[in-house]
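Q: Letter by letter, the sequence shown follows residues 1 to 228 of my numbering.
Just so you know, the hints here were simulated from the structure itself, not pulled from any lab data. Cβ coordinates follow ideal geometry from the N, Cα and C atoms, glycine included. A portion of the hints provided could be inaccurate.
Label-pair ranges, simulated between beta-carbon atoms [as the list claims (entries may be wrong)]: (1) D198 x D26: 35 to 45 Å; (2) M91 x G207: 41 to 51 Å; (3) T75 x P200: 15 to 25 Å; (4) E30 x F162: 34 to 44 Å; (5) P101 x A228: 32 to 42 Å; (6) D65 x D198: 38 to 48 Å.
Think about it this way: if two alpha-carbon atoms lie no more than 27 Å apart in a straight line, the pair counts; the simulated DSS-like pairs of lysine-lysine are [unchecked claim]: (7) K197 x K128; (8) K49 x K6; (9) K89 x K223; (10) K223 x K197; (11) K128 x K49.
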Amino acid sequence: MQKDRKLILIGDSAFAEVAHEYFTHDSPYEVVAFAVERAFLTRTELFGKPVVPLEELPERYAPADHSFYAALVYTQLNRLRARLYRAAKEMGYRPASYVSPRAFVWRNVELGEHCFVFENNVIQPFVKIGANVVLWSGNHIGHHSAIAEHCFISSHVVVSGFCTVGAHCFFGVNATLGNNVTVGADCLLGAGATVVKDVPADTLVRGTLSDLSKPISARRFSKVPEAA
1 MQKDRKLILI
11 GDSAFAEVAH
21 EYFTHDSPYE
31 VVAFAVERAF
41 LTRTELFGKP
51 VVPLEELPER
61 YAPADHSFYA
71 ALVYTQLNRL
81 RARLYRAAKE
91 MGYRPASYVS
101 PRAFVWRNVE
111 LGEHCFVFEN
121 NVIQPFVKIG
131 ANVVLWSGNH
141 IGHHSAIAEH
151 CFISSHVVVS
161 GFCTVGAHCF
171 FGVNATLGNN
181 VTVGADCLLG
191 AGATVVKDVP
201 ADTLVRGTLS
211 DLSKPISARR
221 FSKVPEAA
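Just need the whole structure built from these sequences, with the hints factored in.
A: See below:
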């Protein structure tokens with residue numbers, strides 16, 4: 001594959017290493033550097049590429065010539081990834097996406113910018129996915145469903161038809177939504193959670209959802225600052 005686009009990966013954690021592998025071996029992007037906020041900079045090189053302070057990025061790599069991907073997971077219900085995604089855009093860098101050729105994405109799916117779609121995802125007709133969403137491997141996103149921006153869907157999650165997922169949500173492995181379910185913003189569904197009725201915003205769901213009379217705050221559980 002011809003490498004005709006230069007890419008900077010923001011972050012140097014495990015996800016950044018995985019993103020480097022996918023972009024390098026399965027995309028037209030050439031990873032030229034990693035960037036980390038100066039306060040968290042612990043090394044100067046990864047995979048033979050420089051790790052530079054994010055604050056110095058425009059001085060070293062011209063925004064007009066480079067794209068970026070913020071390779072961070074779901075810390076603080078995806079707020080860290082969202083913040084660095086916005087910061088890089090404000091610097092003038094173009095957001096990149098990766099969509100595996102081994103994912104099934106129907107022709108009329110609406111996919112926002114700065115998304116990462118791993119292999120073996122099935123995204124059915126009329127689905128809408130917002131910006132800055134991660135779909136790890138092996139999920140099913142059913143027809144006419146919508147996932148808002150800044151979400152992280154782990155692996156083997158089932159979102160059935162006509163579902164709506166609010167912004168800043170995290171779904172653990174094997175979580176399942178039945179048909180016509182709405183999940184509000186800032187929700188965290190634990191591994192194996194089965195949800196068959198609507199979930200209000202800022203709710204932590206453990207296991208099968210049967211009683212919301214005593215909801216648990218997902219924001220508090222995920223240590224999201226009050227102002228975020």
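Q: State the violated hints by number, sorted upward, taking the hints as numbered earlier in the document.
A: Violated: hint 11 alone.
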